[in-house]
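If you're matching them up, the sequences are chains A and B in order. Reminder that position 17 of the first sequence reads as 17 in this note's numbering, one-by-one numbering, no gaps. Each position in the second sequence, counted from 1, maps to that position plus 133 in this note's numbering.
Accuracy of the hints is not assured; some may be wrong.
[Stated by the list, open to error] Each computed DSBU-like pair below joins lysine-lysine, with the alpha-carbon atoms no more than 35 angstroms apart:
#  : chain 1 : residue 1 : chain 2 : residue 2
1  : A       : K87       : B       : K300
2  : B       : K286      : B       : K300
3  : A       : K27       : A       : K42
4  : B       : K253      : A       : K87
5  : A       : K66       : A       : K87
6  : B       : K173      : A       : K27
7  : A       : K66       : B       : K231
8  : A       : K48       : B       : K173
9  : B       : K253      : B       : K269
10 : B       : K210      : A       : K42
11 : A       : K91       : B       : K286
12 : B       : K210      : A       : K87
13 : B       : K216      : A       : K48
14 : B       : K270      : B       : K300
15 : A       : K87       : B       : K320
16 : A       : K87       : B       : K286
17 : B       : K320      : A       : K42
18 : B       : K171      : A       : K76
19 : B       : K288      : B       : K261
20 : B       : K231      : B       : K216
21 : B       : K270      : A       : K87
22 : A       : K91       : B       : K261
23 : B       : K178      : A       : K76
24 : B       : K216      : A       : K66
25 : A       : K76       : A       : K27
26 : B       : K300      : A       : K27
27 : B       : K178      : A       : K48
28 : A       : K48       : A       : K66
29 : A       : K42       : B       : K163
30 : A       : K42       : B       : K270
31 : B       : K210      : A       : K91
32 : B       : K169      : A       : K42
33 : A       : K76       : B       : K320
34 : A       : K129      : A       : K91
35 : B       : K288      : B       : K270
36 : A       : K27       : B       : K163
If you are wondering where the hints come from, they were derived from the structure by calculation, not from laboratory data.
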Amino acid sequence: MVHLSSFLLKTYHGGHIVIRLAMAGHKQSNRPFYRIVAAYNKRARDSKYIEQLGSYDPLPNIYNEKLVSINSDRIKYWMGCGAHSTKPVAKLLGLAGFFPLHPMTVTETERHRALAELAEEAAPEDGVKQQQL
Amino acid sequence: MFQVITRSTPVIRLLAPRGAVLVEAVRGRKTRTDPKAKSKEGRIKTPPPVDPVEMVVLRERFTEYDLIMRALRLEFKEEMLRKRYEEEVGSLAEERAKQEAEEHRSLMTWNQEENLRMLKIRELRVQKEVEAAEIKKTEAAILREQAMESFVKEKGEEIMRIQEEAKSFINLENLDQRIEEALDNPKNYNFAIDKDGRVVKRTVLQCRLLQT
């Protein structure tokens, strides 16, 4: 790990840098908005970070899209310096194509699909039963 | 309520997926002595059921994922180091350094020229000031001399005047003569003066005498 004690005035003993989602302002409203941020591990989620590397809007817009922005050059730099990424960030970047697809996304979709199939099987059976009756 | 286990308790990890995190129960909001909630008295906590087939598949997927992530990290590190090396030692860096050195040299020469120019201007100015100061000094000396001369002349004239007056002073030899003269000529200082400056020597007594 590269020694990054020249950043900011607060130096941490044994801390490392993470790339994570931090809630951005708008505290009183029912409207979350996340920043993809490189920060020290020990810092609070929304407090001072080292660099902003993108943003993520969890609520879909009028075209039913969830907008994500990624600064790939700087993410590469920080990963090269030894930053870890949290699970949601890893999942997002996996869906974006920057990282390989996270295993949990695949398993979640499989489970979802299995449940949907079960529901489909249950629905036509009910329909057939009603027809029979 | 739950806290991440790091290294303390030995737990069987056969079924757990490789990339997952183990949690352990830890005191949260309530203390040791607080009673359990009524709705939770008979509750037996069971972990969510694990599908062994899915678990095996997940384990494989996680090993693959970790491998790829490690490789990516090393790639990024290499790229970052190469970029840094290029910046510091690359061809562009040398050119930049050369350009900066040239700029520095030209600026230094310009600065030197400016210094010389300012020096010349300053010398002229200083010379002029010195000359002006000298002229002032001479003028002041002249004035002083003139004042001295006039003073001396005045004093001389005063001396002459006093010497002249000294001739009419009363000395021991003139004393008797002067007394005689004074007694012989009685002077009458009794007169009136008008606002226009007309002197009137006739007093009230004299008028009365003249009338009668």
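| query | What hint numbers does the structure not satisfy? | reply | Violated hints (numbers, rising): 1, 4, 7, 8, 11, 14, 15, 16, 17, 18, 19, 21, 22, 23, 26, 27, 30, 33, 34; every other hint is consistent with the structure.
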